[in-house]
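Protein chains: 2
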Amino acid sequence: MRIVTWGFGAMGRGIAKNIIESKFMKLVGVIDKNPEFIGKDVGELLGLGNYGVRVRDSIDVIEETNPDLVVIATSSFVKDVLPQIEYAVKNHANVITIAEEMAFPFDSHPEESLYMDSLAKRYGVTILGTGVNPGFVLDTLIIALTGVCTRVDRIVAKRINDLSPFGKTVMETQGVGTTPEQFEEGLKKGTIVGHIGFPQSIAMIARALGWNITKIEEERKPIISNVYRETPVVKVEPGMVAGCNHSAKAYVGDKCVIELYHPQQIHPHLEGVETGDYIEIYGDININLSIKPEIPGGKATIAIATNMIPIVIGAQPGLKCMADLPVPRSILSFTR
Amino acid sequence: MRIVTWGFGAMGRGIAKNIIESKFMKLVGVIDKNPEFIGKDVGELLGLGNYGVRVRDSIDVIEETNPDLVVIATSSFVKDVLPQIEYAVKNHANVITIAEEMAFPFDSHPEESLYMDSLAKRYGVTILGTGVNPGFVLDTLIIALTGVCTRVDRIVAKRINDLSPFGKTVMETQGVGTTPEQFEEGLKKGTIVGHIGFPQSIAMIARALGWNITKIEEERKPIISNVYRETPVVKVEPGMVAGCNHSAKAYVGDKCVIELYHPQQIHPHLEGVETGDYIEIYGDININLSIKPEIPGGKATIAIATNMIPIVIGAQPGLKCMADLPVPRSILSFTR
Chain V
1 MRIVTWGFGA
11 MGRGIAKNII
21 ESKFMKLVGV
31 IDKNPEFIGK
41 DVGELLGLGN
51 YGVRVRDSID
61 VIEETNPDLV
71 VIATSSFVKD
81 VLPQIEYAVK
91 NHANVITIAE
101 EMAFPFDSHP
111 EESLYMDSLA
121 KRYGVTILGT
131 GVNPGFVLDT
141 LIIALTGVCT
151 RVDRIVAKRI
161 NDLSPFGKTV
171 METQGVGTTP
181 EQFEEGLKKG
191 TIVGHIGFPQ
201 SIAMIARALG
211 WNITKIEEER
221 KPIISNVYRE
231 TPVVKVEPGM
241 VAGCNHSAKA
251 YVGDKCVIEL
261 YHPQQIHPHL
271 EGVETGDYIE
281 IYGDININLS
291 IKPEIPGGKA
301 TIAIATNMIP
311 IVIGAQPGLK
321 CMADLPVPRS
331 ILSFTR
Chain W
1 MRIVTWGFGA
11 MGRGIAKNII
21 ESKFMKLVGV
31 IDKNPEFIGK
41 DVGELLGLGN
51 YGVRVRDSID
61 VIEETNPDLV
71 VIATSSFVKD
81 VLPQIEYAVK
91 NHANVITIAE
101 EMAFPFDSHP
111 EESLYMDSLA
121 KRYGVTILGT
131 GVNPGFVLDT
141 LIIALTGVCT
151 RVDRIVAKRI
161 NDLSPFGKTV
171 METQGVGTTP
181 EQFEEGLKKG
191 TIVGHIGFPQ
201 SIAMIARALG
211 WNITKIEEER
221 KPIISNVYRE
231 TPVVKVEPGM
241 VAGCNHSAKA
251 YVGDKCVIEL
261 YHPQQIHPHL
271 EGVETGDYIE
281 IYGDININLS
291 IKPEIPGGKA
301 TIAIATNMIP
311 IVIGAQPGLK
321 CMADLPVPRS
331 ILSFTR
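Quick mapping for you: the protein sequence lines, in order, are chains V and W. Residue numbers are given in UniProt numbering: position 296 of the first sequence equals residue 296, and the series is strictly consecutive. Residue numbers are given in UniProt numbering: position 213 of the second sequence equals residue 213, and the series is strictly consecutive.
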């Protein structure tokens, strides 16, 4: 399988490394506009030695290398990745993107979704948005667990993670290191956004279960630290904001049927907060699942984007979501 | 969707009830050979009032009712369900069966599997074996979790459940109520079998991950009770057997890569044993999952067999396993 990766940030680099190390995939091209990378050998940049493929700042890479699939890791938003997806599809390439909004764009971007679906079908390829969350923990895994339930009344899930390993951009979009006043201002201005993906996860669950969601309420609250916390990129004094406590509730009429919580902060353990993924399903049976510590976001997103490659290449054409396809599985541990 | 159920035991009854209560399925026939049920109305037998379909002891039901899918809940073994599957497929019906060996028959029954696969393709239908375990907890769920791992080295999973709600047949096949000597004899004679499904779960995981398993070791040990335990169908004095501690280890060469444990006993809490499903995955990341208490076996098998119906009807023709198909999801909670 011939693969091009588009975007050579932390996620794109991890995915490129996985593809190089896989026995049955070949990385045939890498697109990125960072001058630090352009013209350099991908293998050298990843510490794997010369590989023979250089990073280029040109979409022509796709037409020239004729890949089976393009992995797009450039942005969180449909508006940014749509032209990139369009270009890949028109070159007859399947697409996987980790843009959060693409995990389930059908409700949030109905027109764009119809367009991408018809384009993919016309060119005989598949488009998939995936990632650890949205894409797995707060949607696909929940949906799979409802599969052992006859009746589901209500779903409550929490993903409590540690932002400490992340860089400056993530700290800014989560408001880490701001004062409570700056946090409120950032929310209003849209510079602090919290988690991107609640409407997508809720819509994916709702479509799978056939629930007609009538209202979604999102809430973003500052996690004000009582202690000093610091990472290489940010310092948080007591009284300042250590993260964003973002949650979403979805209703069918008056009834709250889905509650998702995703408080993201640096060093949660400094105030005794245990990280983990928690899913509770209430129905004819109750399911009470925990994964402790949480599935690590960065590594898991890199893994799932790589692991879905053969499934996407083998899938029926169209714009798909994780719930439409066979379950992901690790593809890099082959012994035969 | 027109459905026939074949087998009206505890599982078959639950599935029939789900189908009757679904908005978009119709139960068009029920086959069972129990004289207690023959000729009686299915709705009446289920306490739902007259439904207009009577239990019949004739396979002609399938030809006469022309169902989209037949659910077979008659036996645990390929040899028993194979002729039933064959008959359904030759009548152009898709098939779901909860026969444990059918969850992944490709390795344990390669010739039969090839035959079923080619037959299904010739008639344009899909055959699936499913259930809570094998079919979900110790295979599909594990596979899905490996999807967020780049590299998987080793998998350890345990399903600790309570057999107390089950009937006489289950107690006998698990050796509940025997003396330790009778237990050993039962193992030798094959009357005590423990869990049916370890080779299937292991083979399903191995195929998904591309692992070339070279050896599987199974072990069945008596769970000898220190206290008095009893259910409506069995009494266990201290020193007698309360259940079967069944486990399986799978190797790639010298390396043990999969360990599955499934101790099944009555009233485990009487000796402080907490029930639950536990999955540990070791690789580039480690995943530590628990579901407490365990997903209840009977109800979950009824649910997943029902929930897979639309997916199986919509799937590509052939003999499939759970890892080949989109994740299951509850289909009976529709609000639209």
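Wrong hints could be hidden among the right ones.
No distinction is drawn between identical chains; accordingly, a pair holds when it is met within one copy or between any pair of copies.
Calculated lysine-lysine pairs in the BS3-like style (CA-CA distance at most 30 Å, straight line) [as the list claims (entries may be wrong)]:
{"no.": "1", "residue 1": "Lys158", "residue 2": "Lys121"}
{"no.": "2", "residue 1": "Lys299", "residue 2": "Lys249"}
{"no.": "3", "residue 1": "Lys40", "residue 2": "Lys189"}
{"no.": "4", "residue 1": "Lys26", "residue 2": "Lys255"}
{"no.": "5", "residue 1": "Lys168", "residue 2": "Lys299"}
{"no.": "6", "residue 1": "Lys23", "residue 2": "Lys299"}
{"no.": "7", "residue 1": "Lys299", "residue 2": "Lys26"}
{"no.": "8", "residue 1": "Lys23", "residue 2": "Lys215"}
Just so you know, the hints here were simulated from the structure itself, not pulled from any lab data.
Checked hints:
1. Lys158 with Lys121: Neither way: Lys158 and Lys121 sit 36 Å apart in one copy and 43 Å across, limit 30 Å.
2. Lys299 with Lys249: Answer is both: 28 Å inside a copy and 28 Å across each meet the 30 Å cutoff.
3. Lys40 with Lys189: Result: close neither inside a copy nor across copies, 38 Å intra and 68 Å inter.
4. Lys26 with Lys255: between (50 Å within a copy, 29 Å between copies)
5. Lys168 with Lys299: within (18 Å within a copy, 48 Å between copies)
6. Lys23 with Lys299: For Lys23 and Lys299, the Cα distance is within 30 Å only inside one copy (20 Å; across copies 42 Å).
7. Lys299 with Lys26: Intra 21 Å, inter 45 Å, cutoff 30 Å: intra-copy only.
8. Lys23 with Lys215: Classified as between: cross-chain Cα gap 24 Å, same-chain 47 Å, threshold 30 Å.
Of the numbered hints listed earlier, those contradicted by the structure are 1, 3.
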